[in-house]
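Starting from the known structure of chain A, fit chains B and C onto it as the hints suggest.
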Amino acid sequence: MKEITLNVNGENHRLEIEPHWTLLYVLREKLDLVGTKEGCNAGDCGACTVLIDGKAINSCLFLAVRSEGRRIVTIEGLAQNGKLHPVQQAFVDVGAVQCGFCTPGMVLRAVSLLAENPQPDATEIRQAISGNLCRCTGYVKIVQAIELAAQDVTTGSGVSDE
Amino acid sequence: MSNAYQVVGKRAPLVDSIDKVVGSARFGADIKLPGMLEGKILRSPHPHARIRYVDTAAAEALPGVLGVITAADTPMVRYGTIIPDQTILATDKVRYIGDEVAAVAAVDLETAEAALRLIKVDYELLPPVLDMEAAMRDDSLRVHNDVPNNIADHIHFERGDPDGGRRDAYACFTRRFTTPAVHQCYLEPNSCVATWSENGSLTLWAPNQGPFAARLVLARALVMPEDKIRFIQTFTGGAFGGKTWQQVWPITAVLARKAGRPVRIVLTRQEEFEATLPRVPMIIDLSMGVYRDGRLAFKETRIMSGNGAYSISAPAVHYVAATRYDSLYRLGNIRCTADLVYTNTVPTGMFRGFGNPQMHFAGESMMDMLAEAVGIDPVEIRRRNAALPGDTSAHGWYLGSCAVQETIEKAAEATDLVNRRRGGRPLADGKTFWGIGMASCIHVAGNRTIYKPYDGSNARVQVSGDGSVVVYSGEADLGQGCRTVFAQIAAEVLGVPMDAVTVAAADTDFSPFAIGTVASRVTTLGGLAVDLAAKDARDKILAAAAENWGVPAQALDMENGSVISRSHPERRLSFPVAAEIASDALGGKPVIGVGEYRTEGVVLPDPQTKYGNIAIAYSFGTQVAEVLVDTETGRVRVLRFVAAHDVGRAINPLGVEGQIEGGIAQGIGYALLEEIKMDRGRVLNPDFLDYRIPTSVDIPPIESILVEPDDPNGPFGAKSVGETAVVPTVAAVANAIYDAIGVRLTDLPMTPDRILAALREKRAGSQPSSSGA
Amino acid sequence: MVRIEYVEAASSDEVLAALSQWGPDARLIAGGTDVLMDIRRGKYTPPVLIGITEIPELQGIRPTEGGLWIGAVTTHHAVTMSPLVLERYPVLASASGKVGSHQIRNVATIGGNICNAVPCADTAPALLALDAQAHVLGPEGKRVLPLDGFFAGPGRSVLARNELLLGFVLPDRLAGAGGSYHKHSWREALDIQMCGAAVVLTADPGDCRCLEARIALGTAGPVPRRADAAEAALKGAVVNEELASELGRIAAAEARPRTSARATEEYRREMIEVLVKRAILDALAHIKGARS
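Residue numbers (our numbering), protein chains in the order written: chain A, 1 to 162; chain B, 163 to 935; chain C, 936 to 1227.
All the given hints hold, so there is nothing to weed out.
Partner residues are not named here, just some residues of chain A that face chain B (Cβ under 7 angstroms, in silico): (1) 34; (2) 39; (3) 42; (4) 45; (5) 79; (6) 91; (7) 98; (8) 100; (9) 104; (10) 136; (11) 140.
It should be emphasised that the hints constitute simulated quantities derived from the structure, not laboratory data.
What you are looking at is a predicted structure, and each value in this text was computed from that prediction instead of being measured.
Glycine included, C-beta positions come from ideal geometry on N, C-alpha and C.
For reference, chain A alone in the conformation it holds in the complex (with noise of 0.2 angstroms):
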C-alpha cells in the first residue's frame, strides 16, 4: 500500500492504494465515482475516458499512482453548480443519448476536443471521437451534439481550460 493525493473534480482525496490499482479501479471502487464506465479494461471502447490535465486518456490504462499531482475531472465534475457543460446540455438537447453506458466518456472526449479545437468539423469530430465505441446511436446525433457544443463553448469556458 502507498499513500497518495488525488485530485478529483477540484478535490483533494488522500488514498491508500497499491501501486499497480488503475485509476478506473480506484474512482470506481474506492471514490464511488462510478460515472467512469469500464467497457472493456483494454483500451479498445473509450467508456472510461477522463481528463488529466485537460487531455483525455483511458483510465482502464492509466495507473492510479502516476495520477498524483495532476488534475483528474470525471464526467461527474463537469457540471458547475447544477448547470450542465454545453456539452452535456448538446448531448441531451439532440438525443446523442442512448443507453448512456459510452456517454461519460464521449463527452469528456468532447470537451477535450473543444478545447483544443474549438471548431471543428463533422470530419474532424468523428476522428477525434473514433477511441469511443458506441454501439446504439450510429454516431450520428453525438456528431451533432458535438457540433452544436461548438457553437455554445467560447474558447475558454471549457472546464480543462479552468
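Chains B and C in isolation, oriented as in the chain A frame:
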C-alpha cells in the same frame, strides 16, 4: 402527417438522459451493497469433456474467500427459456469453452481470481462437435446425450405450390448464403448483484430486458417460488437481445447464498465474447424464382442454424428466419426446411432482428439477382411484389397497415437510385468503384410466440394530489427510450407536460407484469397498456371533478391539461386542481389508473405448419446504401445511407431516428467487419481489438425518412422500429457492392480479402453468372 | 496475487541504479498502455515497475547535432502536434497519428512503441525509413545504434536488460524528403496495423531520379524491416507510376508476412504490394509538390 397531439409526435430527448450525461445513472456494475463480495466464474477450457471431479478445497482455504460453489451447491435441475437443456453449473459434462463449472466469492477481485486458479477440475476429454453439417449427419457424437443427430428443433412447412412455381418460373437462382455468429457488443458488460434475506427471499439487481421473464426462468433454475425473488432492473447499457437471459444471474444468487453475503459478478469483455449469447449463425440455401413479369413465383429454403451448446432463445430465432421474410411480398408458393443444430460452441440467442437479418440478406440479395434476370431495376421488382395494406400473407399475417411501397419509392427517390446505378463501371482512376443498393424489410410489433401463456402488457398510472404522475410498467428501457415513449403517452392522455411524468424502473416487486423488451413489442403493447392506464386515471379524475361540480362524468373532458365542461368550455379546472379534488375524494390517496392490453386477432401459430397471425402490427422499411470499393485493397467504404421506415405514427421521431441510425450502424458492422472467429471451439477474437465494431469513422451520414401510416392497432397508430432498422442493412450493402463491382458476395462479413477473392473469381470467369434460369 | 512496486525515476542514472538493484524482474514503464495489458494478460508479473516519464533527459523534441532529437517518452500526440516533426518528417507525424486512439496517443510513447518491438508497431516503419538512430544508455555509457538492427525478434529488441532507450535522432539529410506511411487495417480507426509501409525518398526535382530511398515494412515478418530489394531497385531510377508498381511487387516478394487470425499471409502480401506502391507515389507527389 398532421398531428393534433400536444406531446405525441414531438421530438423528445430521453427522459433519463440527464442522469446519463452527469454520470449518476447506476448501471449493473455500479450497484454496491454493504459487505458485498466480488465473484468470479470458473469456465471450461475444453469444448467437450466429462467432468470426473472438481476439487475446491485449496480455493476455499485461501484467506479472503467466503464461498465456492460447484454444481453440487445448485438444484441441478434442467431449465431453459424454451428447451430445458441447461443447468446453473456444469454437472456431468462441459459443452463449450466458457461453460460454467464453479464460482468463487471473495473479499476482492484479485483474491477471487487467485482462488479460481486453485480449483482443480479433472476432465475426460471428448471429441467436440463443431461443424453443423457433420453434427447432423453423424449421430455417434452428441452434445446432449438425449438429442439424436444434435437437432434441437426441426421446421418444415409448405404453402401453395412451390414445385409448380419453380416449373413456371422464367428465372430462378439457387445460392448458399452464410452468416457468422456476431456479438451484440452492448458497451455495458453483463453483471449481477444478489443478496438473500433471513426469510429466504432473494433480491437481484442486473441490467436486463425484462425482469419478469428473467424471474420466471430463475425460479425454475433455483427451484423456488417466483414471488420469493425480487428482480430489479438497473440502468441497462444496451442489450440488443443479449440481456434476456444470462447465466450470471443464477450463479450470483447461489454464490451469495453460499457465502452468506451480497455478491457482485461483473463479466469481463472476454467472458462476454466467449460465454454470452451471440447471434445465431446460419447457412441458408435459398432458391427463388420469378415469372416473366417480375412477380415472385416461389421460394424454397433450407436453413441450418447454429444453436451452440444450449438452446436459450435460438429455437425462436430460427423460427423467425424460417418464416418472417415471406410476408414482405405477395408470395404464395413456399417451402421451408430448417434445422437448429447443437454444437460444442458458445450458446447463441437473440440479437436485434432475431433471425430476420440473416434471411433478409439472402432474400434481398436474391431479389436483385432476379430483377437483373428479368431486366427490371431493383426498385421495380420490389414495387411489383410488395405487400399492400389489408393483405393477409401466406402465413396468415394480417397487415393492418403496410406502407412498404411508399418506403421503396421514397428511398429510391431520395437517392435517385435508378439513374445513379453504376452497373460495375469504375470511376476515373480505374481502381475505385462506386455503387448503390437497396433492400426492403418486414418486421413485427410484438410476436405471439415469444411467451406462450400470455400476450399483452400491463401498466399503472398514479396521479398524486399535487398533479404529479408516475407510470409503472414492467417493460424495460435498455437505452432505446421506452420510458420516454411511455411518458409521452401518459402526458398526452392526461394533458400534462412531459416533465410532470416520471416512469419508474422495472422491479418485480412493484411493477405490473410484463414480458419485457423483446420482439419489438414495447412501444406497441407496452404503450397500449400505458395508454389504457392513463385513460383509466383520467376517467377517475373526470368522475371526481364531475361529482364536485354536480354534473354527469360524460359532461366533462380533458383538454390541454385542464378538465373542461363540454357544454361550457370556459368552465375549467387545471390538472393539478382536478388531481387534488380526485385525491381528496379518495381521502388523500393518489388516483391509480390501471391498464391491461391483451392482443386481439393474434394467435399462436400452428405448431407444425406455423400458420397464424402472430402480431398486432407489422413494420416495414427500405434502405439504400452507397459504397465505394477499392479494388486494390478490397476495402469497402460506406458513404451514405438513406432509410425510409414505415413505423406507424412516430411517437418520438427523435427516438425513431436514433433507432434507425443505431440499427444501420450495427448492420454495417455485420455486413463488413464482424465475426466471432473460432478455432476448434475457441473464440480467437474475444476483445474489441480483434472483434471490430464500427467506430465513428466507419459510419457514414444516415438520413431517415419516416413514413407514418396510422396503424389501426398501435397506440396513436404507432408500430415498431428498433429491430426493423437492422434487418435490411446487410443486404443493402451487398447489393451496393454488386452494383459497384459486379460481384455477388454471399458470405458475411464481406471483408476486403473476400472481395478480392471474389473479384479474382470473376476475372477467371468462375463467379456464377446472373443470367436467367 | 499481483503485488507490484512502483518506482518513479527522476533521472536516467536512477533508472540504471534501479535496474541493477532489481535485476531482470524490473520492467520499465513509460506510457504503460502495453505494459499494463501484458501484465493483465499474464504475460509477466514484474515485482517492480520503474516509471521513466518524468526524466527530463528522455523528453522533448528539439534540434540537435546532425538532426532532430525525439525523446523516448514523447507521446504520440506530442509527435503529431510538433511543428518540427510536421515540417521536417511528416511521415513520422502521420505514423504516430495512426497509433490506437486519441486517448492512447495522449499516453503511449514513441520509445515504448519501439521497445515493445511488436511487428505491427506503427512508428517502426516510419522511423526505419527515416534512418533513425537510437540513443541508448547502459552501465558502460551511451551508445548510438541505427534502428535497423534494433529489433531482435517479435517482442524483443537488442537492448540489454540494464539498458535504457533515451531517444532517437532523425538525420538532417532526410528533413523535408518525400515521405509517406500507409497503414492497412480492417477498420478505419482504432485498429492495429494489418500491414504497413513507409517510404522516404529524395529525388532530383528535375527528372525525378531517386537519390536516396528507404522503404520499410510493418507486419511483414517477425520484426519491422526494410525492403532491401525494393530499395535497391529504387535508387537511381526515375520514379514514376510504373516503377512504383514494380517496387510494390518486389517488396511483396521479399516480405515474410504470416497467417494469423487477423489476416492471411497471402492477403498481407497483396496489401504490401499496394501499400508500397501507394506510399512511393505519395512520396513522389510530395517531392513534386515541393518543387512547384
